[in-house]
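2 protein chains.
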Amino acid sequence: MKVFSSLDDVRAAAERIRSYIHKTPVMTCSSIDDLIGGRIFFKCENFQKMGAFKFRGASNAVFSLTDKECGKGVATHSSGNHAAALSRAAQIRGIKAIIVMPTTAPSVKKAAVERCGAQIVLCEPTQKARQDTLDHIARETGATVVHPYNDERVIAGQGTAALELTSEIPDLDIITAPVSGGGLLSGTAIAAKETHPRISVLGTEPAGADDAHRSLKLGKIVLCEHPQTIADGLRMSLGEKTFPIIQKYVDDILTVSEEGIIQGMKLVWERMKIVIEPSAAVPVAALFEHKAIFSGKRIGVILSGGNVDLDHLPWSK
Amino acid sequence: MKVFSSLDDVRAAAERIRSYIHKTPVMTCSSIDDLIGGRIFFKCENFQKMGAFKFRGASNAVFSLTDKECGKGVATHSSGNHAAALSRAAQIRGIKAIIVMPTTAPSVKKAAVERCGAQIVLCEPTQKARQDTLDHIARETGATVVHPYNDERVIAGQGTAALELTSEIPDLDIITAPVSGGGLLSGTAIAAKETHPRISVLGTEPAGADDAHRSLKLGKIVLCEHPQTIADGLRMSLGEKTFPIIQKYVDDILTVSEEGIIQGMKLVWERMKIVIEPSAAVPVAALFEHKAIFSGKRIGVILSGGNVDLDHLPWSK
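Residue numbers (the working numbering), protein chains in the order written: chain A, 514 to 830; chain B, 514 to 830.
Note that these hints are calculated values from the structure, not bench results.
Below are the EDC-like pairs computed for lysine to aspartate or glutamate, each with C-alpha atoms no more than 16 Å apart in a straight line: (1) K733/B to E753/B; (2) K641/B to E738/B; (3) K779/A to D822/B; (4) K804/B to D547/B; (5) K779/A to D824/B; (6) K779/B to D824/A; (7) K761/B to E707/B; (8) K804/B to D765/B; (9) K622/B to D745/B; (10) K585/B to D648/B; (11) K585/B to E653/B; (12) K609/A to E582/A; (13) K623/A to D822/A; (14) K779/B to D822/A; (15) K609/B to D580/B; (16) K622/A to D824/A; (17) K622/B to E783/A; (18) K622/A to E783/B.
Covered by chain A, according to a simulated footprint, are these stretches of chain B (three or more residues, beta-carbon under 8 Å): (19) 559–570; (20) 816–826.
Covered stretches of chain A (in silico footprint by chain B; criterion: 3 or more residues with CB under 8 Å from a CB of chain B, positions within the stretch not fixed): (21) 558–569; (22) 815–824.
Even glycine gets a Cβ: it sits at the ideal position worked out from N, Cα and C.
Whenever a hint applies, use it, and build me the whole structure from the sequences.
Structure, rendered in structure tokens:
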């Protein structure tokens, strides 16, 4: 068994999911360029199906299944974008999906899963209850578990966003993406570094959930305990499949403030007229809070998603 | 002097402003298609420079000026998107712009004008004071007055959005745009009907500011008095230059409720992940409130702009 995912896996994923995903646009914004003193290319995964890059990895996993595996469906635990993405991918392939969600999950998230015809199994809102419930379901049904990030198929799928971006804009100096469990960052790093070895790959993370930053410094996975951030997509810990890829390919992980995330999010809405979620604003915040790194550079930014509760915006609290 | 603007004027405008404007994308949204039972092509003028279609007409006017006229600059009265658009077009051509604004204009609108280096002249917030102040400035300075809509150059410029849309998606059954003073709708109608005579052109308007609807029915311009709508871009009356074009080319003007505008706006933000302003949501509301007209059709919708005060969203009041 190979150590970890390769560029070939990302390319195979791109081919496999091509007809199911959106090839998202790359947008630019001269006023943000002027503020940073660089040239920024935003890969708009907020326009991806189900509103986030997660649909890439989920569809790669679902369309990698054998017919026999399909008969038993897929299962995962997630209260966020991965739940909706896996449900939709399963719906497109016409297979069963079971999603373990905590009883505390927002009703809007449950509704998105239900609209895709997936079955929701509620559990207590603890990491242990989620894992135990999922294990039980997998044993009972034989469903294939698709982890939100600690899964080679998911990592390869997430890497297709950077593959598209670096194909369209080949002369980037830096590519940056948010990091939580590391699926997006590790896929991005493989796709970028293996095609453009001189590119600098930077992870970005809230200072209040800086476990990936500390993990990279310490050389071992530090758990994300008691994360303090509005970036609700960035509260997981690195996995044993994503961490070695990040160690190999990622140049640094930058941290940003909560205030910077909110300001970055609002700036993108105002200037670019697009809706991004707090997690997607983390690399935008990094442009401003680590400006010296980005000034004068050509920078690719993965805007990871756009799923926001419009009734509770962070700047209106 | 010819009676009114022609397709040749719109085509000449497109050529004249090509290198200054954004050729905005056309977006689709399968979930909104499903709700309407039609196929909708959204022309995203919220991504236009300065956040609205207004930049097309303003640049066509500014880049139509002779060198002699340039020496004396341009002037207008506006507290909205036209003010910022004209300021920016003048800045790009390197000429002076004077904008008459009511003392009550939001500071964010004044700031946008000032960022473009235009001069603001404040006046009392009455239609008469605005016109008198502008007349005085025009006499004193010799500046060319660029009216927000009652101007052939502006009408032709606004028509370039529909020209792009119908070139990209040639087989539309219907094209729809909001109507206020009628610059966008009349330009849209010329561009659409003269290139695709079988297309149906529909204006859309808030029921609380339905003067254009009534004007078309009565066959004469009805003034927009005491408009009651959150669509702040749609509170003007038709002009003597836009009305005859609308009479000749526009098939009908549909009215929509305030609740429909707010719901349409929020739906576009949620499903399409783009920021549109209330005025741009008026044709979206029409899709839902006049569904029988649109069901089964291929529909072009001009999303007119995306300039919104993010601190005061209509659904959070």
